[in-house]
Every structure is written in structure tokens, then in C-alpha cells.
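Student: With the hints as extra help, turn the sequences into a complete structure.
As a plain string of letters, each chain reads:
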Amino acid sequence: MTIPFLSRSRTPAEDQPRRTVRLFISKDAAAVAVGAETVAAAIVRSAAATALPVEVVRTGSRGMLWLEPLVEVEIDGVRYGFGPIEPEALAGLLDAGILQADLKRLLAHPASLGPVDKIEYLAAQTRLTFARCGITDPLSLDNYRALGGCKGLEKALSLTPAGIVDEVAKSGLRGRGGAGFPTGIKWKSAHDVAGEQKYIVCNADEGDSGTFADRMLMEGDPFLLIEGMTIAGLAVGASKGFIYVRSEYPHAILALKAAVAVARKAGLLGANVAASGRAFDLEVRVGAGAYVCGEETALLESLEGKRGIVRAKPPLPAHKGLFGKPTVINNVLSFAAAPFILGEGAKAYADYGLGRSRGTMPIQLAGNIKRGGLFETAFGMTLGELVDDIGGDTASGRPVKAVQVGGPLGAYFPRALFDTPFDYEAFAARDGLIGHGGVVVFDDAADMARQAKFAFEFCAIESCGKCTPCRIGATRGAETIEKIMAGENDEANLALVADLCNTMKFGSLCALGGFTPYPVVSALTHFPDDFRRPAPRLQAAE
Amino acid sequence: MAPSEAETTARAVARQHGNRPDALIEILHGVQAVLGWVPESAVPALADALNLSRAEVHGVVTFSHDFRRQPAGRHVLKMCRAEACQAMGCEALVERAESRLGVSCGGTSADGRVTLESVYCLGLCASGPSGMMDGRVVGRLTAPRLDALLREAGA
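So the protein lines, in turn, are chains L and P. Residue 125 is where the first sequence starts when you use this note's numbering, and the numbers rise one by one after that. Residue 7 is where the second sequence starts when you use this note's numbering, and the numbers rise one by one after that.
Worth flagging that the hints you see were computed from the coordinates, not collected in a lab. These figures come from a predicted structure and were not determined experimentally. Using N, Cα and C, we set each Cβ at its ideal position, and we do this for glycine too. Where hints are given, some of them may not hold.
[Stated by the list, open to error] Here are the simulated distance ranges between beta carbons:
1. P:S105 / L:A248: 39 to 49 Å
2. L:G221 / P:N25: 51 to 61 Å
3. L:P439 / P:A39: 28 to 38 Å
4. L:G238 / P:A98: 30 to 40 Å
5. L:G394 / P:A39: 22 to 32 Å
6. L:F542 / P:E104: 29 to 39 Å
7. P:N25 / L:R402: 24 to 34 Å
8. P:R26 / L:P439: 21 to 31 Å
9. P:D140 / L:K389: 29 to 39 Å
Tutor: Below, the structure written as C-alpha cells:
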């Protein structure tokens, strides 16, 4: 199935005849981290030195992160890719005639990938949320509109608030942050409650290791998030929104702040959104390095300027959220799905997926994997297809030992569970979770006892301290695993860990303490050999 | 007694944010951007400016990993130690950095040049092991690349 604007690679600005060669290089943090800035600057310098008419457009990432820095050149409306072009490899690409757009010679370059749209990794995806990412100039509203942006907002402005909520509910969209709660129900609760001041809050505190979809979207297509939050504001009658983004994402913070300023200037945000007479404005707030602030109530506390301590629920944020007012709080990807749902209709979205998991999920392939990156696809692909076929197995070339799905609170799955389809219920049925869609691959060098210990340690570092199972349990858990690793009284200690996990799972206030047992128990269940250590040898007294 | 630089900075940054107590984290980021850390004497000044208790301000400062309570070295190297980077062998690189700098994570080298910190995820999970030197992200770290980074920082 093709999405109408996915295949478009021309924007109105390009329709005028021009001889300038256009190159595209990502400024996504993952590209910058491997030298994209150096490559872009060197290309600009070379073009200036040879007086060739070259324009370098900085985009977001296509999500094929093993190919970054990816350099694209547009020839007759088709974008041809070359990657990875780390700074050392640039000279060869210049020699091959990238500045002259000499297609014949370029195609013979060893890093030539052909037309980017045709690369199998991209062609196999269903990009609804990431349709524009990597293609568009992230801060160009003209680009955004030309590639289908603002269509959802226009539709929303023609509907009643209840009509918008109904459309989102019918799409089957579930919270992409990890919990999978139906977004339509959240919006309806906030819509139905009376209140003069309501808020929209975007949870962009993407702290899970193995996940970067929020970051990529905020850097590569920030207007989509702004449009999605505006639609939510119209739906529930909120005039103010906050984006709470983590401090570890400096590039995303800059992109968001710039995009909000552009949108405000263009009249898409402010007292009169798109000349509709309705108000909605956004503020970008930066977190301070606390993982627990990704938990929605801790995030609200932090937004109020307090310590990120988890609140007991009820009351739900939809009734009493930010500053005690009705609040819709959703993940970046949940808001970012709304423009498609409104623009193309709930059915178009719900037609993808399986069971109660509707639409697409931007899956992130990470860790020790050959082709790591973002892979947006309808729910239902198996874990094995994702890791082996799409991801191309491990980067190290050694066999896969374990795959952690869903971040630091997700379960470790062995190869024996690779037939699990990517779906909320299917993972839950096997004592796992899909969380925010992160898939971290480990090769056979991984020591699963060490991973289990790390899960407890991470929980201990990040616990907000409000509830005892999490605050004390995490520390005791790490100590006990350490004893098992030292071969001390392991049967009794294994029983103790199992019991502790049970207490944490059912006794913790939020998912941090409640889900830490997932990585621990799955490591114990699927990799028991890693926990059997030789008993310590008694040392003779000297 | 004249107010310290920390107090003056704290009050000025708070004023830029309209002395709004809900902006406390933004204000603390602002103070740290100017001074490089959040000195103890900034706490009562902020409490006064924002009409909060000292305990409330202290609580936020100490709760958040970002805020430093002592000055950092001239350069700050953050190394990601979360699962995706673990799968790519980050722990060996952390050990290497620790031994080169003669400190453990969280410490500053004796010559004051480099502070080494752990970070749990920079969102560069398909480009690991990753790190951040003075705010500049670096991916696909190897021992030679790490050494080059440390050399740049004069360590």
C-alpha cells in the first residue's frame, strides 16, 4: 500500500527550473554523532572553492542509522543516496562528482545506494507518522504543507470537539509511550470534564534505552507534533500546551523551540489558531535528567517545578492533572499520529495492525544490530523478522543471545520467542511488553545475570523514593543478584529474588518499580545457566 | 554583606523567568549555564525569589541528576551506559576512560581538565557506544576514538 505523499520527493520550490544541485544531509543527532556536521561543512567549502552552484539542505534522518552520515543528491527529481560517508570517506565522493551530480559516475561509487526511496529497508515500511522525516526541511512550513502537513488540523477545525475525540477513538490509537492506554478514552475524559483551563502535555521524556523515535520526530518533523497537540487542544478545549523534553536531547530542544516560533509567527499557534478564532499555544520545557519523570504524574510534578515524585492515581490527570486542572498527557508518537487520523480518517489508520493493536508502530532497532534504525510498520511483524530480516542480525557477527524489547523495564527474549508478533497483547501473553517500541539486541557475550543486576541498579538510581517496594526493593534486589553471581547460597537467593519481584510488581506505585521485574524475571526464566555460578572456594586463613 | 555572584545570578535568572515557581527547573538550568554548577548559596536566593521554601528548592536540585553541586572540570565527558550501549561494549570504554583519567565515573581528573559522567541514554542507540563531550554528541565510539576525544580535552 502506498501513502499518497510518501512517494513525493518534489516540493513546490523545486518546480522552478534551476541548475543548482541540491544535496540533503541529516542534522539528526545520530547523524551528527558520526560526523554529519563535518561532512556538510566540507561539502559547502568544496562547493565554494569550485564555484559550483550547490545547495545543502539539512533534513532529519531517514532512520537508516547504520548508513549515517547519509548524503543524498537530487537528480531529475530522484534522490540518490550514499552512505555511510564518514568524514574520511568524503574525498572519494567528491571525486566521484557529487557536486556535479554526475549520475553515471556516482552510481559506480562503492557507497552508492541508488534511489533512497527504493532501498529495501525504507520500501518495506509503512510510514504514516514518519512520512516526512528525512525528506523535509524540519523548519520549513512550506515543505511541511507541500508534503501533506496541516491537513489533519484543517479537518479538526471543521469538526466539533466531540467529533475529533470520536475520530481518534475510532482509530484504535493506543498510547505509544508504553502503557498502550486508548488515546481516545483519555481525550474523552478530558473533554467531558468541565473546566475553564485545561492543558495538553506532551511527554517527550524518552528515557528508555533503545528508543529514539521521539527524538527523531522532534528533530526531523517537529511541526507534526505541534499539529497533533493543537488537534488535542481543539478536541478537549485546552488553550495551552507544554512539551516536556529531556535535557539529554539538546538537538530536539533546539528544533522544537525553533519550530514553535515559526508556527507562532505563521499563526498556527497563538490566540487565533489558523484564523479559527480559537486559541492554542505551546511552551517547551526541559527536564533535568530524571528517568522517573517519564512517568506521567512525576512529569506533571516536575512541570510544576517540584521534585518528580509519582502521584497516586486516581485522580487521573484527565480530571486533575497539571496545576490540578484537567490535562491530556500523551507521548510524542501518540500526538504525532493524530494528524494522519484526522486527515485521512480513522478507518485509514485502523486498517493497519491486528487485534487490539491498530495502526503503525515506529519500531526502533538498536544495540548490537547490523542495520539499526527506525522501522515504522503495521503491528504484527514477528520479533524474528524484525531482528533477522530487517535488522540483519548482530553487528558483531556473533549469534543473538537475547533481545530486550520495551526499554529498561522490558523483558529479555531468547531466540525461542522470536515468533512473537509485535502486538501489545502477544508480548503481554509471553510476560513481556512492547513499551515504546525499542528492540535492543545482545550477542552471546551478554551475561544475563549482570543484565538482571543492572535492571535493579537502574531502578535504584532512578527511583523517586515514594513507595517502599521500589525504593528498598531495587537495592536489595541488586545485592541479592550479586550474591547469586558470587555463588552464595544460590537456591535460597533465587527464591528470594522471585519473591521480591512479586512484591515489586504488585506493590509499586508506578511502572518503574512495577516493571523492573520484567527484565529480571525474564533473564532468570530464559537464561537460568547464567545464574549458576560455582560456589565460592573457602580461602585458607593465612 | 554584598550578595555573592551565585545569589546575584540566581535572582537575575529567576527574574528572567518572571519569578515563576513552576519554572524552577528551567531556572536551575539557567543558573548552571552561567556558573557551571548550582552553588549552595543560590538555593536560599531562589527560594526567596520564587516564594518557595529552601527545602523545596534543595529537593529539586538534589533530585535531578543534571544539577551539579560542585564545579565540573573544564571539559565534561558523558558516557552512555544504558542497555543499547552495553550491548556494544560501552563498559570496557568506561573502564578505559576511568583509568586514563584516574577517576571513577562522577569524578574530575586531578588536573581539573575532565569530568567523567555516566548518562543513561542519549537516544543514539543504533550508533553505540555513544557519548557527549561538552554537549557534542559522539557515536560509534572505539578505543582509538575515545583516546582522541580525551587528547582533544588535553587529558
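Student: So, for every hint listed, does it hold in this structure?
Tutor: Hint check results:
1. Checked against the hint of 39 to 49 Å, the pair S105 of chain P and A248 of chain L passes, with Cβ atoms roughly 44 Å apart.
2. The given range of 51 to 61 Å is respected by G221 of chain L and N25 of chain P, whose C-beta atoms sit roughly 59 Å from each other.
3. Between P439 of chain L and A39 of chain P the CB atoms are about 36 Å apart, so this pair conforms to the stated range of 28 to 38 Å.
4. Checking the proposed 30 to 40 Å range against G238 of chain L and A98 of chain P shows it holds: the Cβ atoms sit about 37 Å from each other.
5. Distance hint check for G394 of chain L and A39 of chain P: the Cβ-Cβ separation is about 28 Å, which falls inside the suggested range of 22 to 32 Å.
6. Range check, F542 of chain L to E104 of chain P: about 37 Å between beta-carbon atoms, so the 29 to 39 Å window is met.
7. Between N25 of chain P and R402 of chain L, the C-beta spacing of about 30 Å keeps the proposed range 24 to 34 Å intact.
8. Between R26 of chain P and P439 of chain L the beta carbons are some 24 Å apart, a value that agrees with the proposed interval 21 to 31 Å.
9. The supplied range of 29 to 39 Å is met by D140 of chain P and K389 of chain L, whose beta-carbon atoms lie about 32 Å from each other.
Going down the numbered hints, you'll see the structure goes against none, and every one checks out.
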